[in-house]
Amino acid sequence: MNAVSAAERAPVLDLQQVSFRWRRDLPPVLTIPAFQVAAGERVFLAGPSGAGKSTLLALIAGIAIPQTGDVQVLGRSLPGLGAAARDRFRADHLGVIFQMFNLLPYLPVLDNVMLPCRFSPARRQQAVARDGSQEAQARRLLGALGLQADAMLRRPVTELSVGQQQRVAAARALMGAPDLVIADEPTSALDADRRLEFVELLAQECDASGAALLFVSHDLSLAPRFQRQVSLAEINAALPEGSV
Amino acid sequence: MTVLSLARRSLWNRRSTAALVVFSVALSVALLLGVERLRTEARESFANTLSGVDLIVGARSGPINLLLYSVFRLGDPVSNVSWESYQKLAAHPQVDWVVPLSLGDSLRGFPVIGTTTDYFEHYRYGRGEPLRLAQGERFDDVFDAVLGASVARRLGYGLGDSIVLAHGTGQVSLTQHDDKPFTVVGILAPTGTPVDNSVHISLQGMEAVHVDWRGGAPIPGLSIGADRVRNMDLTPDAVTAVLVGLTSRRAVFQVQRQINTDRSEAMMAILPGLTLQQLWDLMRVGENALLAVSALVLLVALTVMLTALLTGLNERRREMALLRALGARPWQIFALIIGESLLLSLLGAVLGVLLLQGLALGAAGWISGQLGLTISLWPPTLHELKILAALLAGGILVGLWPAWRAYRNALADGMTIRM
Ligand SMILES: Nc1ncnc2c1ncn2[C@@H]1O[C@H](COP(=O)(O)OP(=O)(O)OP(=O)(O)O)[C@@H](O)[C@H]1O
Ligand SMILES: [Mg+2]
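Taken in order, these protein sequences are the chains called R and C. So the first sequence is numbered by the working numbering: it starts at 1 and just counts up by one. So the second sequence is numbered by the working numbering: it starts at 1001 and just counts up by one.
Careful, some of the hints might be misleading.
To be verified - Looking from chain C toward chain R, a few residues come up when the C-beta cut is under 10 angstroms (computed):
{"#": "1", "residue": "T1002"}
{"#": "2", "residue": "V1003"}
{"#": "3", "residue": "S1061"}
{"#": "4", "residue": "G1126"}
{"#": "5", "residue": "N1288"}
{"#": "6", "residue": "G1327"}
{"#": "7", "residue": "R1329"}
{"#": "8", "residue": "W1331"}
Quick caveat, the hints were computed from the structure, so don't treat them as lab data. No residue lacks a Cβ here, since even glycine has one placed at the ideal position from N, Cα and C.
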């Protein structure tokens, strides 16, 4: 992309003076003076276990709300939104990939991929506008991620390998062109070869749909595949647990 | 709707557990409705043990006592109604018909009733149904007998068989009237009333077996043969009770008062329907106990459902976190669980009703033969609909707790999928 407009250059994610604790009697897990992700940017976020990476993603998804400071996604302040509006906002603009168990075991592959469209009319419309139908988009994304065999798409998801499941989860996160994809250690259940392949495919598809990607992992070997590498310790001023 | 279709598919995925829950709810619904239906049906048929009879007249004692021996042939009468009083009653201007009953003998434990053929004319049960002869005819000769359906079936008697009555009403009768055997000339169709257990003979027959008796024992040295007895005057001195039909039902209280205050003899008249109701009320405790047990069974079924929901909650925690991440609102998570418990109880209710319906269809013949009850299940009564509504309300109530926990988890888990 060479003609980058001002709107696209505005950050898709902007954290300011954020402080968050899970419980009032515990010290803050996160104290982040500032952290941004630009539109379409692919960021690798590293940090040791328990550092608060998943917690940060919960703040970005609007599932947790910081006690102080502001989390802005696409210019909207999440703490300023009501709970219901936050849920709708997440459904409309975010794609989420977990470490594992991403799929609803009782839905076939295609239905799992189309799930975001059930909760967001905006994503449904986008999918239809781009590919003609939800299913067409689901098939395109799955195909791009290397899952095209029709028989596979109708199988129960529980029969897929872990690597296949993660690719299905990636396709689902990208469904309906979200603005930001957050992935919480999506490769930790994969073996080394599969990891690289998965990251390549995910990055490629985020590029293709214009989504920014915030990729959390402690596997530093994957870091070079990203435009920017961030260590949570760099942006988090809160003392790591057990360091007092 | 999105959540509902997800709930359905999620439930289908856990169908074996769900089926067990539905089945246990269905069983308890069937039990509760079945007991309820039998209870009302039994009460109604009990109240209709005798119908079309306006008054029962007997010697003065308690109304329930009179009802017990005249209708149910249970217990012993304290005293009799004299033949004069009987005739006076029959001649009363407001009395349409009278049927005398003379009790005291038995056939291998089954009560014997001396009466007239008017008995077959006027005795009504259920919703005014008359007695019907399944085989043979009414008694005509002094030594003819008409058996109730159960008597014939249980003792294996058929038309033309010879039977020997015993004096007294115990199972172990001391003295047999073996010098004067009776012949079975008719067998009644089943009625589900005490008539089924009765042996009917004519008043004359009853008198005939007792001509050579005095004070409850044969007169020593005096034995009058069956042939000689036919030529004697067989008008009884007294009868045990009288069934009375009036020309107008409106006169019932007036005639009752006249009989109760008759100075020539200490008699009592009762309204059978009213007294049957009083007798039923005496048995209310048992009825309520039955109902309490089936209510408890329903409670157990709801507990089974609660257990299943709570266990499922742990397995489904990641499902909930996933749905949250996809944009599901907390209330939708809440609705997912409530919807499931509602669906389970709804399915259980429907299956329970069907189960009972099937059972009733299959067993209808047997029930009406054995108990004389006609069980019809459709349409459900208002009361039964209330029970079903209470079940659904219970289902929602049971879903509340797991739903609340799922809701709390959804809020507290954040983005981490906890196992
Ligand atoms: N839902 C929660 N409720 C309470 N405390 C939590 C919750 N989630 C995380 N924490 C706490 O917050 C801290 C950060 O946890 P978090 O899961 O964000 O770490 P992480 O960097 O994602 O670790 P890992 O790499 O192991 O996934 C931990 O001390 C954890 O105990
Ligand atoms: Mg984590």
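Q.
So, against the hints stated earlier in the document, which numbers end up violated here?
A. 3, 4 and 5
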